[in-house]
Amino acid sequence: MTSSQPPTETPAADPVEDAKPAAAAPIAEGKKQIRKEQLRVLYTSPGFIVGVLIVGFWILASVLPGVLTSFDPKEFVEAGPRVKPGSEAWLGTDKNGWDVYTRVIYGARKILTIAPISTAVAIMVGTFLGLIMGYYKGWVDEILSRVIEAILSIPIILMAIVIIFTFGRSTTVIIGTIAVLFVPAITRTIRSAAIAESDLDYVMSAKMRGESGFFIVTREILPNVVGLVVVEGTVRLGYAIFTYTTLAFLGFVGGNITDADWGIDVSQNYEQIARDIWWPSIFPAAAIASLVIGVNLIADSIDKAVKS
Amino acid sequence: MTVTESHTPEPADPSEHAALAIDGLEMSYIVRGKPRKILRGVSFEVRPGEAYGLVGESGCGKSTTAYAALRYLPGNGVIDAGRVLSGGEELTAMSASQLREFRAQRASMVFQDPVQAVNPVLKIGTQVAEAFQVMGQSKSEARVSALAALERVRIAAPESVMERYPHQLSGGMLQRVVIAMGLACDPNLLVLDEPTTGLDATVEAEVLDLVRDLRSELNSAILLIAHNLGVIRTMCDRVGVMYAGRIVEEGTVAEVFDNPSHPYTKGLLNSIPRRGLRKTDRELFAIPGSAPPIGADLPFCTYIDRCPIATDICRSAVPPIVDRSDGHWTRCHHADRIGDVPEPDEVTVPYDIGTEQVIGVEGVSKTFRQRGHEVPALVGVDLGFAEGETLGLVGESGSGKSTLAKTMLGVHAPDEGGAITLRGRKMADKATSRVTESVRAISMVFQNPDSALNRAWTVRRILQRSVVKLTGIKGAAADKRVEEIAEAMQLSPRHLDMRPRQLSGGLKQRVAIARAFAGDPEVVVCDEPTSALDVSVQAAILNLLARLQNEERSSYMFISHDIGVVRYLADRIAVMYLGRIMEIGSTATMFDGTNHPYTEALLSAVPNVDGVAEDRIPLTGSIPSPANPPPGCVFHTRCHRAIAGLCEVTVPEMVELSPGHSIKCHLTVEQLQEPIDVDASIISAEAAALLD
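Chains as they are written, first to last, in my numbering: chain Y, 970 to 1277; chain F, 378 to 1069.
For reference, chain F alone in the conformation it holds in the complex (with noise of 0.2 angstroms):
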């Protein structure tokens, strides 16, 4: 590659004092044969004590980074150029058992899943003593050691969880034992991949905070990978925004998020719901296009495909680092023309909320029965859906969310005395026994689209075949009207005779929104559509369920974990809660500060990219079985305002504070508004509930 390639903004020899140095490493896989460029020349460091962040959308390299500082690479990575570098060794050049050794005493990774960077069958206090062992320390100090391992990092009853197995944790305390683990060695740098991405958002809190907590503890520099940039924004000094195998933009957060200077790092902050913006106020930014393929030559901008300011130039060299303020630069031809990016539309089409209720969930309960315990999943719901609104709702992992939209399509059938209803009729439970009128009223989206499409299928036969069942239409009809969905999602019809496993994540969520859509339905289940998605594919998947909505007059059940979203799409929402709806409101009512302790917890977890740092409550211990529910208020365990003697006692009933808006809670509003002092109390809080 050519010299302008490698070159960084930096002091004359900062690899002899950074914890990471990486200069314009190019890296490719070799598939069916051939090398696939992944990495473009990457530079960058992380100096001794920094948190340095790297964003970026999917198959941009990122993790290939990660992977690369510790040379960690999968058989068919190939390094092409550049060097690695740690405390000026450099790793690039170490010999297998030089390569080890550093990896044992002065590098941790902590990856993805916890769950897979564990052995089940040893249990976690081997695990975490065979970290010291390797250290060189005996079988008795490794113990030791492990028990404080496990204290530092807030581990409440070490002694307990060291004779346990991984199964028998959840999955925030396995990321926090694996974190351990990681620093065992007091590494001088510590790469975590997505420590959060599979975690609750209040789990992920905790594991933030921890990790927070810890860097003033240690004085390791740690590398944080993530797609999220509320987290790198809550997280890290500083941040490089990588796009295609390229760093295109880096400086500290604040200036980053801030004073974006690279038309991708603006792309991807307007294509994020920031600052309350709803979907009656504008558009989400979605970037157009899609990125490069691994292994394209691209010897010029990698972001001139998507790019509105991109002119000829930008297809003739690959741009050069522009600086914007100190340390803070971008790799655009037209840094100076950053403000030319055109904003997002503002929304002028009005949207109306029909009044009377067309999908109704009436007293429906679910009981499930396990070894002959009786297992309530769903306790007295009710909700109703007007013609044209959307419900978000939210919860933890395990509240009951798909459960209840499963019950609503028919494949559990409600307890005796709930009720699903179509426009005041009661439908049948099953789906096979509704009528082909209640089976269409209500369809749903799934959150992972490679398992809800069937990969045998092209996707016209998918959309033909909802289209021929819900709608009885038949014949070259039912081809126009597959073709007519189709469009409305923005499928051209090249897709329709594509399978799933040919079209992107995006694509695959518009068809099994258009499947959805294919029997004209009253209400749209969405479980979560956008989670596994990218944000700017997210975004143009949210304004399409925000125009269909308007154009088809059909309601959103939305379920998601991300409360951004749910702000952005949702009009009312209601929280859910051990199988039990804590509280409902207008969108409004429910960011205006009076809410349920369980909604207040969950509202003030989520990792904030616009840098507004809030007290968090912690919400401590994990959410208690259905089949043992708590007496009383199903939330007291973990509530930071529960009244002894009567939370634990009596079961709060729904109470409405303004119209429409109504929490299921013992304490007045007046109560609820007072300020929380935020303690620690998380170690006796989440001892107490591990030694239930």
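Just chain Y, with the same shape it has in the complex (with noise of 0.2 angstroms):
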């Protein structure tokens, strides 16, 4: 209902005149104070820790996987096949004599490389897009806008059987085709913060003195986009992560399905819930879902530290 809205900081005072030394130290230290809130903020929220907490499980397995089990993901467990969740294997074996908690394990190194490299592209390439469409406008705007606009009309799986049958399934072609995926959502938010920022008067003024559209928009413009980027990153990599087991699941993505990724194992194993051996199927499928929800709260923390 209200608009009046209590100033977040504390700019520096007028100095007219204002004889004294002393009031830059109060200054630089609200500015330092305003971080160290902000990141006491960030670091007593629960959402923030538990997000950490589950994110660097599993970067730790992807990174370093004998430290969390000493079996490996091909090799036959002395307990045998289709063992259920106990003391024997923690989360079970699978049909063909797998631990499924050593295959989860080894299941985090592909997702967590694969997802970032393509969020990674993909926001590259987008905030170019955006950013050239959102100073330019005119005919480089209209043109762009139609072709996004012809591939958020292809139902993405669609989109993604046509990329990969095209170019085949090897590890750089499933990247190029999430991050293809990804390109027009992200160009579209760049898109519409840079038009925002060229009606600034600074662009006006960058343009007043005769600055090129080149430095304008790498320069001027991009500086202050950034934060968008990062939040729109983080928000992308939780829905990548999604993309590639999916991906996964369909068997669209390289290699063998022998090989330990959580989409495969799914895939391989969901049939069997039928027959109530769950376990092989469902923990991959809870590690999609816990690295996803401990990147999107990650995501969602450090915007509300942000905005605090």
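Everything labelled a hint here was simulated from the structure, so no lab data went into it. Here a beta-carbon is modelled for each residue, glycine too, at the ideal position from N, C-alpha and C. Treat each hint with caution, since some may be false.
Okay, the calculated bits of chain Y under chain F, using three or more residues with CB under 8 angstroms as the criterion [unchecked claim]: (1) 1002-1014; (2) 1159-1171; (3) 1219-1231.
Derived DEER-like restraints, expressed as beta-carbon distance ranges [said to hold, decoys possible]: (4) Y:1164 with F:748: 19 to 25 angstroms; (5) F:451 with Y:1093: 46 to 52 angstroms; (6) F:692 with Y:1005: 26 to 32 angstroms; (7) Y:1025 with F:871: 50 to 56 angstroms; (8) Y:1131 with F:853: 54 to 60 angstroms; (9) Y:1005 with F:761: 28 to 34 angstroms; (10) Y:1196 with F:727: 47 to 53 angstroms; (11) F:635 with Y:1196: 47 to 53 angstroms; (12) F:744 with Y:1196: 38 to 44 angstroms.
Using the hints, put the two standalone chains together into the complex.
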């Protein structure tokens, strides 16, 4: 109801003959103080702690899987196949006699490589296109907007199938595919931010002193949309994890179906749920869910802390 | 808090009668988990039928007080102590439903921005009627009441307005609709929070006239929040001056403004150009330092760090209330020493203006094309700037002032035939094709420094880029030059490594001015450089601009709504209407009585802080669309002196009345000097404008 906004920071004082050099200290402190308080809000938020714990665990699993398990993902454990979760195998064993826990641990590496890389590629391309479209507007914007709308109108899975069947299923193609799928949405977000920035007077001022378009886009506007790029990146990372596992589930991901990979494991074992052997598929699925939730928790907490 | 904090010099039990009584109110906002004190014990009362004004600079808590008066608090606002009473009932103790009832039946609030206060997808009639439906009227009754309410706020052709959507109305009309909605319940208390801040001076005057007229019809008490001292002076009976969450002085407007007793009030009044003050007379008084931050712990006088007469006692205790005369009090330890507050410095350095024209605007027109239509935004503008001269440019929004600035700076190319010249030579049309010498020659200071400075850059980088780009100086020499410029703007070296958001509004504007001076320009275009600033900061910026001009010998084109400021700074004034210069002359001649009718109306619209009531000439309707300018004299549709059969047919030529003073008008000097009978022909004229 109200529009009165309590100021959130203390700007430096106007120095009209302020003869007190001591004034410098509180101002510098004011800025540090805000940082400190923001960080405290971040560190004490339960969402952030839980998110960091979850994501930290999966990063550890992908870097040093040997620390978390003594088996190999394709090692036949003593317990034998289709053993329920218990003391012999924490999360049971699958139809091949492989340890589900070990496979879940080893499955983290691939997803934690491909999802961030494809997100980074998508962010870079999307930011570049969004800035160009938002600043130049006109026909550049018209053409690219139509292309983006065309891509958005094709169902994601259909699009992925087309790309993968055309270019093969190597890791590079998978990364490229996920990136292509995400570029349109990122481009749109950055474009609208760039349009808003272009309307500000500092861009006008740059034009008035005869700066080139390239300088204005890369040096003046880009630094002001970096925050948005970061937020967009963390949000997209969650989606990228989902998209990758979907592709893996559908069997579009390269390599072997015996590889430890959450999406592949779910697809290989889900039929057995009907025979009450739920653990080989549910645990990898839970791993996917936990990683997505962990990433989103961190993203949300950062967003909140920055805005506080 | 202590007992001395909340005591008020008032009769034994005033809350029984007061439309609003705020008693020792203390409030905090919770920011990042910590409470920050914003109100430090505010006490005042608004009696029935009285208009009470609250003035103060931004951040002093006046809007918070206004919201607290109706207990509309933001989610993070907390009342720490004190009471709010209306008609003897305590708002601070009401339940949610009682509060809703109270707001529906007995109090109303009008917000600063009327565009945000109405629902953009509902028709005006529906929204106004809703205010009556809340009161329990049926749908058809409410429509009848809504029509009457619109008539009451002097809206022309109310039936037609009922069927319109908010975007089809001008800001002034929308604010009247909002007031009509606020008056629906015939409130005992009407809170107006900066009701005219976003509006043009002429529209502001109309809205203020309306509120003044309504006061005599209603018996509601008014709490008016404004930062414009002139508005408070013309509208209110009593005024409270707020500073850092406390009222520091209270009394009748005449007492407080003519006989200020608190150093802060005195500082505020000295910081605005009053009584026709010019830059050649004396400097404006800029209150040194800045207000204490919200949340600071201040168990003593809040004004101490900026006060010229402060002593040790001021740091020991909250000052007591000192009565000056009946109902006029001040919260100062040294109320008797108010005379010791020093007067601003006299100006001793003479201002001298060159004779040679440096930058010329010659026959510049600018026509935009919109969906196949031609929209002439500028029509045959001729201006010249001599060295060290300030040309004030005034006119309502939409008169083409900003387009002229952008055309001069090469953002828009002028139409064929027009030219911007530098010492007689034509410049290229667009900034990108201008030679560096031409780009350097004209620079600009924008209205809003938040928008004009790149928030991702440090101050040093902002200045360095302009120095390198415009002067070609590089490396260490450029660094040195940046520091020199910053010093000339009274920016200290530590500010150079800060980013704009770490700086206060005044400092940001100094950075923007520093950037404008980086290329050693011939003309600096200042587009309302102080309208986003508080008056005491405005004073510092105006002093700086005046001083720089004398040192650097540059010229200014000073665009402003504020006639007082233009009068203070400008050597010559040009008045613009619909892309045309209607009048131009030296500042002295502009204020000696013979003016273009448009200028005459503009001048009369300014709310005067000195309280000299003048008859206002109503400027009816809104400015016509430049796409479809009226035939003949473009001003005839709103002119109070128009001659039928002549003005709407023949375009007037520029006529020189005296050397350097020219107007575009058919009337003779004698006709222009005839006193005008100000009658209320507003409604008919506005109806005509509406039915176009």
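Hint check for residue 853 of chain F and residue 1131 of chain Y - Cβ pair distance inside 54 to 60 angstroms:
holds, 58 angstroms
Quick check on a hinted range of 38 to 44 angstroms for residue 744 of chain F and residue 1196 of chain Y, using CB atoms only.
holds, 40 angstroms
query = Honestly, do residue 1025 of chain Y and residue 871 of chain F meet the 50 to 56 angstroms range at C-beta?
reply = With a Cβ separation near 39 angstroms, residue 1025 of chain Y and residue 871 of chain F fall outside 50 to 56 angstroms, so the hint is violated.
Taking 46 to 52 angstroms as the hint, is the beta-carbon distance of residue 451 of chain F and residue 1093 of chain Y inside that range?
-> violated, 39 angstroms
Three residues minimum, CB to CB under 8 angstroms: does the stretch 1219-1231 of chain Y make the cut for coverage by chain F? Let me know.
That given contact is violated, which follows from only 0 residues of the stretch 1219-1231 of chain Y lying within Cβ reach (below 8 angstroms) of chain F.
Range agreement (Cβ of residue 727 of chain F with Cβ of residue 1196 of chain Y, hint 47 to 53 angstroms)
holds, 51 angstroms
Residue 748 of chain F and residue 1164 of chain Y - C-beta distance against the hinted 19 to 25 angstroms | holds, 20 angstroms
- Query: So does residue 635 of chain F sit 47 to 53 angstroms from residue 1196 of chain Y, Cβ to Cβ?
  - Reply: This hint holds: roughly 51 angstroms between Cβ atoms.
* Asked: Taking the beta carbons of residue 1005 of chain Y and residue 761 of chain F, is their distance inside 28 to 34 angstroms?
  -> Violated, at about 56 angstroms.
Examine the stretch 1159-1171 of chain Y: at least three residues should have C-beta closer than 8 angstroms to a C-beta of chain F.
-> holds (count 3)
Exercise for the section: Note whether the CB distance of residue 692 of chain F and residue 1005 of chain Y lies within 26 to 32 angstroms or breaks it. Expected result: holds, 29 angstroms
Quiz item: In terms of beta carbon proximity below 8 angstroms, does the stretch 1002-1014 of chain Y have 3 or more residues touching chain F?
Solution: holds (count 5)
Checked against the numbered hints listed earlier, the structure breaks hints 3, 5, 7, 9; every other hint is satisfied.
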